[in-house]
Amino acid sequence: GAVVSQHPSWVICKSGTSVKIECRSLDFQATTMFWYRQFPKQSLMLMATSNEGSKATYEQGVEKDKFLINHASLTLSTLTVTSAHPEDSSFYICSAPLDRAGGEAFFGQGTRLTVV
Amino acid sequence: SQKIEQNSEALNIQEGKTATLTCNYTNYSPAYLQWYRQDPGRGPVFLLLIRENEKEKRKERLKVTFDTTLKQSLFHITASQPADSATYLCALFTGGGNKLTFGTGTQLKVEL
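Here the protein sequences line up with chains H and F, keeping their order.
Letter by letter, the first sequence follows residues 4 to 119 in the numbering used here.
Letter by letter, the second sequence follows residues 2 to 113 in the numbering used here.
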């Protein structure tokens, strides 16, 4: 099956610094990728839709200046958490759906971000 | 408001029994519904997709039903095994470009 690779799998950073998370589709092209955030014992909350070659679309309540998304190629999207604070600590997951109606989504392994 | 709700309580069952998980949604009219499995600290893994014109879908020990009148999907695991222990998520397409919205998830624990 299709593979989505996410890196790093975990990161600890100091408050006020920025962290970049990469999401790659390894064996298929993804014009669209999605970024989710998941707090402990909660479901995945969609943060934004990453569109190759154009601006990302953010969900209501998600600060686009804080969570910078870049989708520079058909196989790579990046999420940068800028000026991170402890409340940004969470599990971040990317996904890339197969490009057909109803196509299943393939998820990265997730990134555990801890801001200290 | 739009909601996708699953059994909020964890489900504990004995090995060999059938596990049944529920997904109810309001104010959506999805053409597709999907089920995913998520293990702790990992991303979800796709299990099954069912279309609005399909009543039932099977894959090995898994069975999914979809009732668009009741706005409900049931997910069954027959002959459950401890390895089936995980959180199971239902998901609907809620926008263009295959945008998925997930339910609250149900944690299943299969005991020996």
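Honestly, the hints are just simulated from the structure, not real lab data.
A few of these clues could be false.
Said to hold, decoys possible - Facing chain F, according to a computed beta carbon distance under 10 Å, are these residues of chain H, among others:
1. 13
2. 47
3. 68
Claimed, not checked - Listed next, the stretches of chain F that the computed footprint assigns to chain H, with coverage defined by at least 3 CB atoms under 8 Å from CB atoms of chain H:
4. 57-64
5. 99-111
Just so we're clear, the structure is a prediction, and the values are computed from it rather than from any experiment.
Backbone N, C-alpha and C define an ideal beta-carbon position, used for all residues, glycine too.
Hint check results:
no., hint, result
1, 13, "holds, 9 Å"
2, 47, "holds, 5 Å"
3, 68, "violated, 22 Å"
4, 57-64, "violated (count 0)"
5, 99-111, "holds (count 8)"
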